[in-house]
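A.B. asks: Respectively, the protein sequence lines represent chains S and W. Here my numbering is used: the first residue of the first sequence is 10, the next is one more, and so on. Here my numbering is used: the first residue of the second sequence is 10, the next is one more, and so on.
Treat each hint with caution, since some may be false.
Which copy is meant is left open, because identical chains are indistinguishable; a pair holds if it fits in one copy or across any two.
For lysine to any residue, the following SDA-like pairs were computed, each having C-alpha atoms within a straight-line distance of at most 25 Å [as the list claims (entries may be wrong)]:
hint: 1; residue 1: K32; residue 2: A321
hint: 2; residue 1: K59; residue 2: Q280
hint: 3; residue 1: K332; residue 2: D264
hint: 4; residue 1: K332; residue 2: H184
hint: 5; residue 1: K332; residue 2: P98
hint: 6; residue 1: K332; residue 2: A258
hint: 7; residue 1: K332; residue 2: Y371
hint: 8; residue 1: K332; residue 2: A119
hint: 9; residue 1: K59; residue 2: D331
hint: 10; residue 1: K332; residue 2: E101
hint: 11; residue 1: K32; residue 2: D87
hint: 12; residue 1: K332; residue 2: R123
hint: 13; residue 1: K332; residue 2: D25
hint: 14; residue 1: K332; residue 2: A36
hint: 15; residue 1: K59; residue 2: D313
hint: 16; residue 1: K332; residue 2: A97
hint: 17; residue 1: K332; residue 2: A105
hint: 18; residue 1: K332; residue 2: A120
hint: 19; residue 1: K32; residue 2: A324
hint: 20; residue 1: K332; residue 2: G84
hint: 21; residue 1: K59; residue 2: A328
hint: 22; residue 1: K332; residue 2: V122
It is worth saying that the hints were derived from the structure and are not from the lab. No experiment lies behind these values; they were computed from the predicted model shown.
Here's the letter readout for the chains.
Protein chains: 2
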Amino acid sequence: MRLEQVDTPALVLELDAFERNLKLMAAAIAGRGVRLRPHAKTHKCPEIAKRQLLAGAFGVCCQKVSEAEALVEGGVADVLVSNEVVGAPKLERLAALARRARIGVCVDDAANVRALQAAAQAAGASLDVYVEIDVGAARCGVPPGEPALLLAREVAGSAPLRFAGLQAYHGPAQHLRSAGDRRAAIARAAQAAHQSRRLIESAGVACPVVTGAGSGSFAYEIESGAYDEIQPGSYVFMDADYARNEWPAPLARFDHALFVLGTVMSRPSEQRAVLDAGLKASSVDSGLPIVWERPGLRYARASDEHGVLEIAAGAPAPALGDKLLLVPGHCDPTVNLHDWYVCVRHGVVEALWPITARGAGY
Amino acid sequence: MRLEQVDTPALVLELDAFERNLKLMAAAIAGRGVRLRPHAKTHKCPEIAKRQLLAGAFGVCCQKVSEAEALVEGGVADVLVSNEVVGAPKLERLAALARRARIGVCVDDAANVRALQAAAQAAGASLDVYVEIDVGAARCGVPPGEPALLLAREVAGSAPLRFAGLQAYHGPAQHLRSAGDRRAAIARAAQAAHQSRRLIESAGVACPVVTGAGSGSFAYEIESGAYDEIQPGSYVFMDADYARNEWPAPLARFDHALFVLGTVMSRPSEQRAVLDAGLKASSVDSGLPIVWERPGLRYARASDEHGVLEIAAGAPAPALGDKLLLVPGHCDPTVNLHDWYVCVRHGVVEALWPITARGAGY
Numbered sequence: 010m011r012l013e014q015v016d017t018p019a020l021v022l023e024l025d026a027f028e029r030n031l032k033l034m035a036a037a038i039a040g041r042g043v044r045l046r047p048h049a050k051t052h053k054c055p056e057i058a059k060r061q062l063l064a065g066a067f068g069v070c071c072q073k074v075s076e077a078e079a080l081v082e083g084g085v086a087d088v089l090v091s092n093e094v095v096g097a098p099k100l101e102r103l104a105a106l107a108r109r110a111r112i113g114v115c116v117d118d119a120a121n122v123r124a125l126q127a128a129a130q131a132a133g134a135s136l137d138v139y140v141e142i143d144v145g146a147a148r149c150g151v152p153p154g155e156p157a158l159l160l161a162r163e164v165a166g167s168a169p170l171r172f173a174g175l176q177a178y179h180g181p182a183q184h185l186r187s188a189g190d191r192r193a194a195i196a197r198a199a200q201a202a203h204q205s206r207r208l209i210e211s212a213g214v215a216c217p218v219v220t221g222a223g224s225g226s227f228a229y230e231i232e233s234g235a236y237d238e239i240q241p242g243s244y245v246f247m248d249a250d251y252a253r254n255e256w257p258a259p260l261a262r263f264d265h266a267l268f269v270l271g272t273v274m275s276r277p278s279e280q281r282a283v284l285d286a287g288l289k290a291s292s293v294d295s296g297l298p299i300v301w302e303r304p305g306l307r308y309a310r311a312s313d314e315h316g317v318l319e320i321a322a323g324a325p326a327p328a329l330g331d332k333l334l335l336v337p338g339h340c341d342p343t344v345n346l347h348d349w350y351v352c353v354r355h356g357v358v359e360a361l362w363p364i365t366a367r368g369a370g371y
Numbered sequence: 010m011r012l013e014q015v016d017t018p019a020l021v022l023e024l025d026a027f028e029r030n031l032k033l034m035a036a037a038i039a040g041r042g043v044r045l046r047p048h049a050k051t052h053k054c055p056e057i058a059k060r061q062l063l064a065g066a067f068g069v070c071c072q073k074v075s076e077a078e079a080l081v082e083g084g085v086a087d088v089l090v091s092n093e094v095v096g097a098p099k100l101e102r103l104a105a106l107a108r109r110a111r112i113g114v115c116v117d118d119a120a121n122v123r124a125l126q127a128a129a130q131a132a133g134a135s136l137d138v139y140v141e142i143d144v145g146a147a148r149c150g151v152p153p154g155e156p157a158l159l160l161a162r163e164v165a166g167s168a169p170l171r172f173a174g175l176q177a178y179h180g181p182a183q184h185l186r187s188a189g190d191r192r193a194a195i196a197r198a199a200q201a202a203h204q205s206r207r208l209i210e211s212a213g214v215a216c217p218v219v220t221g222a223g224s225g226s227f228a229y230e231i232e233s234g235a236y237d238e239i240q241p242g243s244y245v246f247m248d249a250d251y252a253r254n255e256w257p258a259p260l261a262r263f264d265h266a267l268f269v270l271g272t273v274m275s276r277p278s279e280q281r282a283v284l285d286a287g288l289k290a291s292s293v294d295s296g297l298p299i300v301w302e303r304p305g306l307r308y309a310r311a312s313d314e315h316g317v318l319e320i321a322a323g324a325p326a327p328a329l330g331d332k333l334l335l336v337p338g339h340c341d342p343t344v345n346l347h348d349w350y351v352c353v354r355h356g357v358v359e360a361l362w363p364i365t366a367r368g369a370g371y
């Protein structure tokens with residue numbers, strides 16, 4: 010089937026661009042002494058995770074136990090839940106999963122460490138446990154320094170849990186538009202991670218891994234020397250929001266590989282076309298989608314099931330029934346709206362990859 | 010199971026409030042000479058549609074062919090797709106569906122009418138076809154007046170299509186905060202609909218039904234006398250965005266019946282709690298969720314999997330593991346993130362209703 014025959018709205022993965030992005034990331038980290046653990050919260054798809062592993066990734070990460078279950082079920086053997094997991098039902102599931110694969114998880118609370126230990130003991134499983142430190146995101150995590158040491162000791166003394174190191178991710182830094190601002194934010198994060206690690210190790214507790222970083226900042230985490238592992242997710246797809254970042258050399262510039270295909274379902278006026286892809290097809294939390302390679306067409310408004318396009322004076326206007334590609338504003342929640350990727354190469358559908366962790370929020 | 014035992018994030022339907030909303034709507038239209046065709050794009054759930062029908066609705070509407078398929082499959086016998094349907098695959102499916110149920114659809118283009126006619130003929134099916142007029146929304150639809158008459162004639166002459174009337178929905182008017190502004194916008198819409206109908210009927214074409222209206226404006230469509238049928242959707246759930254509207258008497262005030270249940274998964278500081286429900290659990294396109302009945306807690310920021318709550322000085326702070334209810338900012342796209350409703354009465358789970366049209370965007 011050709012792309013033009015695919016019914017809409019559809020989530021389209023351009024395989025050539027996707028594969029270039031995998032290679033670009035492998036090249037960016039080659040010889041830099043860090044390992045790659047891509048974030049599968051972005052794609053929620055074991056088929057993609059397996060290709061990341063083939064391209065050199067050490068393992069993957071995700072945010073939810075149910076995502077980890079879908080990844081392990083799909084054949085992934087090493088998954089870090091880069092997030093806290095709270096509540097007996099989830100801890101039970103996590104511990105059960107740790108009997109089938111190497112599983113990591115983050116903590117920022119001593120009582121949660123004890124609950125995790127109890128769940129692991131009950132399941133006869135062991136887990137890698139990372140202490141999350143807040144390196145500037147003001148979300149989860151203990152403060153760097155003494156609180157990190159205290160919690161690391163708690164974990165290290167809680168067999169069958171293994172203290173695996175520090176989670177040090179600075180989310181808001183990913184979208185600072187200026188490269189200088191991102192570099193400065195990550196320099197502060199890296200310093201906090203580095204000092205926490207030294208404090209922990211000088212107290213006699215081995216701290217094997219500092220992990221973190223995202224697609225907008227990973228070059229700076231690598232540059233800092235403080236990180237052993239990076240967790241970029243969006244690089245495989247490259248959405249419109251990340252494209253608004255400044256990407257100066259030598260930062261890897263990724264290609265747009267993820268699109269939403271929509272059909273023009275109404276042409277009510279010279280200046281207006283309406284697409285059948287609204288905010289239930291492409292998440293608008295980080296801005297509207299961009300119309301791909303159709304100069305003069307602007308996605309101006311999204312409602313639930315409609316996207317209103319403005320047609321600039323003199324621009325080639327789309328006809329009723331025409332299909333257009335959109336670059337989503339934010340890839341992660343857009344993927345979570347769809348059940349499969351329509352994988353396309355040179356305009357021909359090559360595969361459908363199910364998004365098996367779609368809706369896996371638990 | 011009690012509500013506190015439900016794992017999170019979960020989409021919760023408070024049955025008492027939901028049933029009150031059904032009754033309130035029935036009371037609001039009783040004796041007013043309009044029929045109720047609730048919008049199922051909001052809930053995507055045949056179980057809810059059937060309860061709306063039992064509460065007096067004439068049929069339901071939706072926006073997509075795949076939603077209509079899910080509704081008919083779930084036992085609903087009368088569905089209006091209140092939207093244009095473009096492209097052979099969708100028209101084929103729509104026509105096939107019209108052999109199993111009474112199906113309506115909207116048009117705003119003559120070529121689309123011919124394609125619809127061909128699909129209906131090929132399937133041996135007939136459909137109710139409504140001409141959509143643009144009454145102020147600046148989205149789909151032909152202008153009121155002559156263009157509506159021209160297209161109505163086209164439909165009326167295209168057996169086995171039946172010209173069923175006019176679709177006249179003013180979307181943006183739903184969220185005008187001032188009741189006076191909403192009344193004025195709907196007065197203009199109603200006048201456009203009324204004049205178009207007169208023009209069509211004076212040309213000898215019967216125009217049986219004018220349909221439209223939403224939860225924010227239906228009282229004014231009823232008041233206008235120009236509408237035979239109203240299409241409110243959100244009234245069954247009442248989200249945070251609609252709650253910001255001014256609802257003066259005698260407008261029906263609906264209760265919040267839809268919630269997202271989240272767990273406190275981190276308590277990194279005195280002033281901050283982090284919930285496991287972010288923008289993949291509650292859509293933020295129309296504003297952040299509201300924390301329900303927990304004074305002093307404010308949902309301040311959403312990221313993909315996290316909601317950051319600010320705790321006011323002196324407010325009762327939630328503990329790690331506590332579960333909180335959120336009123337979603339916008340109900341329709343929030344429902345589309347979940348696979349089932351956890352239906353609760355007096356704090357006890359009474360049923361799970363599958364959201365069978367979740368992700369049905371085709």
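A.B. asks: When no copy is specified for K332 and Y371, does a C-alpha distance of 25 Å or less occur within a copy, between copies, both, or neither?
C.D. replies: between (35 Å within a copy, 14 Å between copies)
A.B. asks: How would you classify K32 and A324 at a CA-CA limit of 25 Å: within, between, both, or neither?
C.D. replies: Neither: 36 Å inside a chain and 51 Å across chains, both beyond 25 Å.
A.B. asks: How do K59 and Q280 come out at 25 Å by Cα distance, when the copy is not named: within, between, both, or neither?
C.D. replies: So K59 and Q280 fail the 25 Å test inside a copy (45 Å) and across (41 Å) alike.
A.B. asks: With identical chains treated as interchangeable, where does the CA-CA distance between K332 and V122 reach 25 Å or less: within a copy, between copies, both, or neither?
C.D. replies: Answer is between: at 19 Å across copies they meet the 25 Å cutoff, but 52 Å inside does not.
A.B. asks: Give the relationship of K59 and D313 under a CA distance limit of 25 Å: within one copy only, between copies only, both, or neither.
C.D. replies: between (33 Å within a copy, 23 Å between copies)
A.B. asks: At most 25 Å between C-alpha atoms: does K32 with D87 qualify within a copy, between copies, both, or neither?
C.D. replies: within (21 Å within a copy, 53 Å between copies)
A.B. asks: Given identical chains, is K32 near A321, meaning Cα to Cα at most 25 Å, within a copy, between copies, both, or neither?
C.D. replies: neither (37 Å within a copy, 48 Å between copies)
A.B. asks: As a check of your reading, is K332 near R123 (CA-CA no more than 25 Å) within one copy, between copies, both or neither?
C.D. replies: Classified as between; 20 Å across copies, 54 Å inside a copy.
A.B. asks: I want to check one pair: K332 and A97. Are their C-alpha atoms no more than 25 Å apart within a copy, between two copies, both, or neither?
C.D. replies: For K332 and A97, only the inter-copy Cα distance (13 Å) is at most 25 Å; the intra-copy one is 48 Å.
A.B. asks: If the cutoff is 25 Å on CA atoms, where do K332 and A36 land: within, between, both or neither? Let me know, please.
C.D. replies: neither (35 Å within a copy, 45 Å between copies)
A.B. asks: How do K332 and A258 come out at 25 Å by Cα distance, when the copy is not named: within, between, both, or neither?
C.D. replies: Cα proximity of K332 and A258: none, with 35 Å in one copy and 46 Å across.
A.B. asks: Cα distance capped at 25 Å. Does K332 pair with A119 within a copy, between copies, both, or neither?
C.D. replies: Cα proximity of K332 and A119: across copies only (19 Å, versus 54 Å in one copy).
Hints 1, 2, 4, 6, 9, 14, 19, 20 and 21 from the list above are not met by this structure, while the remaining hints are.
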